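*Asks:* Chains Y, H, W and V, in that order, are what the protein sequence lines are. Each residue of the first sequence is one higher than the last, beginning at 1 in our numbering. Each residue of the second sequence is one higher than the last, beginning at 1 in our numbering. Each residue of the third sequence is one higher than the last, beginning at 1 in our numbering. Each residue of the fourth sequence is one higher than the last, beginning at 1 in our numbering.
Just to be clear, a hint being listed does not mean it is correct.
[Stated by the list, open to error] Think about it this way: if two alpha-carbon atoms lie no more than 27 Å apart in a straight line, the pair counts; the simulated DSSO-like pairs of lysine-lysine are:
#, chain 1, residue 1, chain 2, residue 2
1, H, K255, H, K313
2, W, K17, V, K164
3, H, K150, Y, K19
4, Y, K150, Y, K121
5, H, K19, Y, K10
It should be emphasised that the hints constitute simulated quantities derived from the structure, not laboratory data. None of these values were measured; they are calculated from a predicted model.
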Amino acid sequence: MAEVKAITRKEEEVRQLIKAEIPWEPVGPTPMPEIPDLRSWDMRLLKTYKPWYAPFCDLCCLCTYGKCDLTENRRGACGLDIATQQARIILLACLMGCSAHAGHAGHILEFLIERHGPDKKIDMGTFIELEAPNIRTVTGLKPETLGDLKAVIEYVYKEITHLLDSTHMGQEGSYLDYESKALHASMLDHVGMEVADIAQIVGFNYPTSVAETPMIEMGWGAVDKSKPVILLVGHNPATSCTLIDYLRDNDLYDKVEVCGICCTALETTRYSDRAKIVGPLSRQLFFVRTGIADVILTDEQCIRTDIPIEASKAGSALIATLDKAMYGLEDATDWDTEEIVKQMVEDKKHFAILDPEKAAEVAAKVAIKIAPQKRKEWITEEEATELAKKCTNCDMCERVCPNLFSIGDGITEVAKGNFDLIKEQFNLCIGCGKCEEECPKQVPIFKIMQVAASKETWKIRAGRGPIMDTEIRNVGAPLTLGTIPGVIAFVGCSNYPDIEDVADMVDEFARRKYIIVLSGCAAMVAGMKKDADGKTVYEKYSPDFDAGGVVNVGSCVANSHISGAGIKIANIFASLPLRANYEVIADYILNRVGACGVAWGAMSQKAASIGTGCNRLGIPVILGPHSSKYRRLYLSRKEEDDWRVMDARKREIVDTGEPSPEHLAYVCETKEKAMVTIPKLCIRKNDTPQGRSIKLNHYISLYKKYMGGGLPEDLHLFVRRSADIPLVYKKEVMAHLKEIDWQPKEPVGLPTLIGTYPTKVPIDAVIH
Amino acid sequence: MAEVKAITRKEEEVRQLIKAEIPWEPVGPTPMPEIPDLRSWDMRLLKTYKPWYAPFCDLCCLCTYGKCDLTENRRGACGLDIATQQARIILLACLMGCSAHAGHAGHILEFLIERHGPDKKIDMGTFIELEAPNIRTVTGLKPETLGDLKAVIEYVYKEITHLLDSTHMGQEGSYLDYESKALHASMLDHVGMEVADIAQIVGFNYPTSVAETPMIEMGWGAVDKSKPVILLVGHNPATSCTLIDYLRDNDLYDKVEVCGICCTALETTRYSDRAKIVGPLSRQLFFVRTGIADVILTDEQCIRTDIPIEASKAGSALIATLDKAMYGLEDATDWDTEEIVKQMVEDKKHFAILDPEKAAEVAAKVAIKIAPQKRKEWITEEEATELAKKCTNCDMCERVCPNLFSIGDGITEVAKGNFDLIKEQFNLCIGCGKCEEECPKQVPIFKIMQVAASKETWKIRAGRGPIMDTEIRNVGAPLTLGTIPGVIAFVGCSNYPDIEDVADMVDEFARRKYIIVLSGCAAMVAGMKKDADGKTVYEKYSPDFDAGGVVNVGSCVANSHISGAGIKIANIFASLPLRANYEVIADYILNRVGACGVAWGAMSQKAASIGTGCNRLGIPVILGPHSSKYRRLYLSRKEEDDWRVMDARKREIVDTGEPSPEHLAYVCETKEKAMVTIPKLCIRKNDTPQGRSIKLNHYISLYKKYMGGGLPEDLHLFVRRSADIPLVYKKEVMAHLKEIDWQPKEPVGLPTLIGTYPTKVPIDAVIH
Amino acid sequence: MSALIPFHRVNVLTGIKSARLIEDASEYADLIQKAKRPLLVLGPRLLEWALDGKLLIEYALEIAKAANIPICATAHVKGKLTELGVKPDSVYDAVEIVNALKDPDWKGVKRAGNHDLVIFFGIRSDLGEQSLSVLKHFAPHLKTMTLCKFYYPHANYSLPNFRKDEQWKAFLENLIDNLKKGE
Amino acid sequence: MSALIPFHRVNVLTGIKSARLIEDASEYADLIQKAKRPLLVLGPRLLEWALDGKLLIEYALEIAKAANIPICATAHVKGKLTELGVKPDSVYDAVEIVNALKDPDWKGVKRAGNHDLVIFFGIRSDLGEQSLSVLKHFAPHLKTMTLCKFYYPHANYSLPNFRKDEQWKAFLENLIDNLKKGE
Ligand code: SF4
Ligand code: SF4
Ligand code: SF4
Ligand code: SF4
Ligand code: SF4
Ligand code: SF4
Ligand code: SF4
Ligand code: SF4
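Isolated chain Y, as found in the complex (with noise of 0.2 Å):
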């Protein structure tokens, strides 16, 4: 029996924290949470959406107790077994995502109210009065100033330093209890993301409110190289905006050269449609070997940490702008412009300089000095074959490559003249330059790659960031009733299997007509493949979030409008009050929204928090083949678990028999088996006939096409009546379902998971 309890100064100071007195919703149950406030629920997926554990290593070394042998049921000396100390590495890889993006948002947003002040208003402009849709899911705050952002990004941290508190030898010892702590820090990150993005929208007047963005060009052969060319790595815009603005006020933006590699690229051209994209993070070696940039510009995140030596290498000056990476460079920052760039230049030092307008001053005049002096050629196919004669076809680049194919076949293949195997390759290679390094003839395989590399260019539509409330309005009622078969979001990190996978997969869908959002690297790559008619995917379909748009939201960061998009369809769509009101949501874009990430090349802890995050809200994610290296993906076993749910129109439990979603995270080996996963993944127990005859008929389509033929094995588990049978397989399915004894059933008029685990939340609360 729950006992009625005062209010506590501390629920009365986080009621001031998010304004609890202004009534735009009323606040939910969980204004802020902390630990255990979501716990049940995250138990609740654990208990369907179990964790599988692929240790990476049979030690713990976390500690010096150890090394412990954690094999054979065996505890470390602190008592802690193997599972655990899986989920324990997780949830540091989700802490180090989200820390990532929260320090990533609380400079920003220091930068920006040093611009603007902390009263700068929040105004996504016509289109979206729902500005922040996790900030006010999670926290129950509705930030209207950027000042409200500070307080948001200081529950954060807060949470962030209670949470990897936890990972301290000798605390936590359950693995469920750690995967709750990392879905924690997992939806904080996504409220970190938010955060940064909404600041960076706000304070440099990206544009918002708006489908139709420009188009930007793309790939390494669309950065002029006769110009000075200034390169910018990494994740934060402070520095790279400041940098076009200097260009700007002093007329030099005709004579220098502007690109980017991962998600600065994105952001810097949602500031300005001129500068160039040269790729995603897999590009980066390749491309600063090529020594085009005669300046790099480091801030934070997904940067080489071996760029002052390679840059040094390809002549390049470099500037580290942020204090997260100073790489050991001497901090100039209160220097003289003038001397710094006089030492860049005479003495090729390289400096960290923190301070944005001064990096920005100190890197145009630098490059513009430098430019000259640098010969900028690019190999030819004569060369390449004399350099690959060198190579003995050893197995050694093969051994050490994480994508694991022989480069040495390509390289072999050019010193005979023959140039396809290794313009194959190009779009395996994930740009690690261990090859090169291990490789006993020195043979210089990145150069070499030069000639594989396509100096071809693309376009790539600039990232609009959040989707407006007015489309959310217009595919809210097909989404949740299945006309429109789901919403796939592509994103994260590029250690894809193969680079032309993503494209694939986005023109599959789109044509299908299925919403398309992307970001990040994903984003990048999507657009780096063109059709017959030499149309990437951003020319060939809709900007709108709609059946069959391709949206590009933006960098990582605005990953926080994807999941951000399905809280919206709650909200907007579904009427459900979302303020501080976490579990409800979550519980109705598990159950009703068709939704599922697709993070095919995942590499880092942010996208290990990212694809967390979304979990917790109820979005599965897929992963590329390589991600069972993050140790942990939450599967269910479809034909021995409980897919019991509430309907919360009867108040009944009802065994519905179905496994929607099956998973919330998985690994597919296959772009094929992706193909399959994707539109299965999208399937919802809230589906109508009509919608969900629409999603199987994706699902026995694309199974025949990538599959080899024949029915899903699993059909039957998503076919409730004959109404949910696509027509044009009617037949099949039907001759099928007889063979094996299929029973017809009900569909639930309003699925829930509340009411059947111990929550807070009354049934009633489902109910918009």
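Position chains H, W and V with the ligands against the provided structure of chain Y, taking the given hints into account.
*Replies:* Frame of chain Y; chains H, W and V with the ligands shown alone:
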């Protein structure tokens, strides 16, 4: 040339946070410092005390590009090299440590503000005006209320996030910068600890401004098992102090025995001198397995992760009282008390109860109900001998023992009726349980150990919190002159080579009139040995912070009072302003305060951050042999390194050739070696001839005692003029110096590193 | 391996338990034939790799046939099998089949009880190794074996890193012969 | 060891580079005699361990003498040496000597140049293994060897885990004989 800058919004905000307008001291150069602000100090330290890396593994496994082989100068797929990866892990460890204390501080502060309100005044008693030396020095704020502490801990949260950010794959590429960040994290750890302990002293009304705190009974034999027994495990006194209140208020304190392990024990005995201390972390599993505890209350940090399993096996009830460690238990915080009690007693269920009052009440009620059902018998020698006969002396227990000894040999002797060896071995045992887990014969090693473990009880002086200002005033001069030869702090975890080592070292140096301070597990074990008269060091020596005094400051978070004492000397004795003046204070301590930390049993991540925090403040730390598993030390090379300092009076750089202090983080393999290293690390360039001769006297005499005669090899480096030579050894030393052609040198008037590296601090700042 | 584990386990380099390396096809055949309920898990690399023009999937099917081992087709392997006129006994992804195998009470693809020997063939080596890790740590009730030309530390039995494809080919042919003989 | 490294290095279980296990005393003797500037680092366990009543420190001194190897006494070993009438060539702690050895330009204990072979004997095995790790990673200019009865993965050359003290004793005596012969 530095440019003059207008004050920024950010600076303005910091000035507000630290109440810059209150003019208790001028605001120094680094209020609430961020990552870059003390970096040049770090780089200066790291120039002399270079990181020494002992990789624990050849690989990095932190992202899905890996695992990466980092041997033989290979770089990871992100560009990382092995040194940088070690430094990154060290930063992670320091952050885990720092966040554990900051999390503790944040929680206890919230709890106490709930109880007393944010305006509760900070009053540390009559003799302590400088209430928060770390906070004042680092942040520039003089905290006056509990509410002020909140601003401090929020600053720590923010910095933790930014630091953790930098561990994300592919950012920081310099081990030096990672070390600088680890030093930053660890400085913040001392701030967090200080927040926690000040809050506790104020909020629980712990004794303060008094040296002669009560003597506490210690040892597992001290626990009266005829009563219901409640065992407290962990670090956070919220529930334990509430429990004491509950027992007192309900007239139960006579009827229920309260005892603790780890720091919660130390905390609780500051609140009630009737509580018992069972022992350090290394006795946790042993004591739990005896089944003497009827109820176990866990809070946070240093709790075995298998405690729910072990508690069940021993028939003890378990309540997890903090969200950091919930063990997958059902959260009964909102349940009816009687219902919880019922399920715990009847169904033997464990619960999480996050409300301290409820947890306390439930614990008392359950203990009283359970106790009569439990048999609490200790094993007899005969039974032990019988059980030991199963042992085949197969070696497996030795192979898994983290302390590398063969408990199997001890067991074999027991089987013969001989208990001598196992008694010795009990002192080596860190209580991890690996041996018993691995034993193929299922020998109940811990049960057998009951006959080895002395049921003797010892006395320990209750922790007293900060050193008094008055004491500092008394010892300031003799300490900085060197006539009190040093302050030695024994701190940290219980991963001892031999548990008696600490008592031996304390005794040796207290007798020699060093000042001894202790905290945490080290404070406990110092009291776990008696001299011929049956006295522990707490009974033998004065409790004053003065020559020959032995001072227990308290639990782990009281370590901040040890660093704080160093700061107080600089401020109170040397009149250096401390407000936001970290660099000057650290420089003072490094060059002029003969202090040395000894973390002989260092094990956890907190030990890493506490030690590293001392290092940034200029205090060297000696670690036990297993501590090379932390992967990093800070070592100089006395003959090769640069020992130049600025003579601030003469304003010239002087080459002293004197390696004082020689190392910042050092591992000694044996107690004997530590006995010789401690006095050496107390030598400072500032010593007067008289002080130096006293220090050298101890160095030589300890060398002769523990190194078998002769003179230290490096003695000549520490003799500046003949006046430095201790009288008793004059002849021998002079002969030796002559032989090696030693030349006298002028002592430095006012040694400082300021002026030897780029810093904004002017030399004037170090002159008081 | 065990010779290379230091006496004091805390000093282990990394990894305690690693696969027995087997180069002799008859030993493999014995192990397979001793198993009561083996399972052959086929990965998509079998559709790409060939030895002298013969796709690896064909070797896999011959092995399955020779020893009457049920098949699990992962990823999009089923398509090719259909083409070859083979109906796999089960279709699961690598992570799914491993997830099922973890459960000692699982009925197995033949509904005759969980398998006691699981043979991996043709899975991307990183995913394969991670999948084997799951079973090594969480499925003490079964043994694992690999047929790819790489050493897999997390398996119970693994082939060596064959330097030459001929060695691999010889091994596979030998294995098939041995299994046929054993019938 | 190298047979046990998987083809794709990302799948490595154990570390990549681990000690060559040597059981033959003459091989050890050869390696020592081939070294130009060997160094013998003695740890405090030599003062505790005995084989048939003879302290290990005595074996150590015999080895040093037989091959004319300079000695570094760590921890409090010097005391015992003094007692035995031996003046060590240098006195450094394990971490200090390793710190010096890392530096290729260090002059060595004989001031004749850095050592090319460093033999560890009698250091606590965890500290020993960590010290060897430092040298393995940061001192490519020298080789390391151990004489304790444990396998040390981070060394270049190591003894196996001797099951019986007699084996160890035989090895050490053999080694001394071989070294003497080699003179
Ligand atoms: S967990 Fe990673 S770093 Fe630790 S031993 Fe294993 S592979 Fe090495
Ligand atoms: S944290 Fe636990 S499992 Fe890990 S090394 Fe330390 S004692 Fe072993
Ligand atoms: S490592 Fe070098 S030589 Fe060997 S196959 Fe690769 S490119 Fe050719
Ligand atoms: S750079 Fe490309 S080819 Fe070379 S190892 Fe890395 S992924 Fe493989
Ligand atoms: S998508 Fe991944 S790799 Fe690309 S920039 Fe973002 S975090 Fe980095
Ligand atoms: S963080 Fe770098 S070194 Fe570590 S696994 Fe990833 S790519 Fe390799
Ligand atoms: S493992 Fe067991 S049987 Fe073997 S020596 Fe140790 S106590 Fe005896
Ligand atoms: S419990 Fe004691 S004897 Fe047993 S393995 Fe641990 S430290 Fe060694």
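*Asks:* Are the hints correct? Go through all of them and say.
*Replies:* Verification of the hints:
Among the hinted pairs, K255 (chain H) with K313 (chain H) is consistent with the structure: their alpha-carbon atoms are about 25 Å apart, no more than 27 Å. Proposed proximity of K17 (chain W) and K164 (chain V) is supported: the alpha carbons are some 24 Å apart, at most 27 Å. Distance restraint check for K150 (chain H) and K19 (chain Y): the Cα-Cα separation of roughly 20 Å lies within the 27 Å cut-off, and the hinted pair is therefore satisfied. About 13 Å separates the Cα atoms of K150 (chain Y) and K121 (chain Y), which keeps this hinted pair within 27 Å; it holds.
Of the pairs offered as hints, the one joining K19 (chain H) and K10 (chain Y) holds, with about 24 Å between alpha carbons and a cut-off of 27 Å not exceeded.
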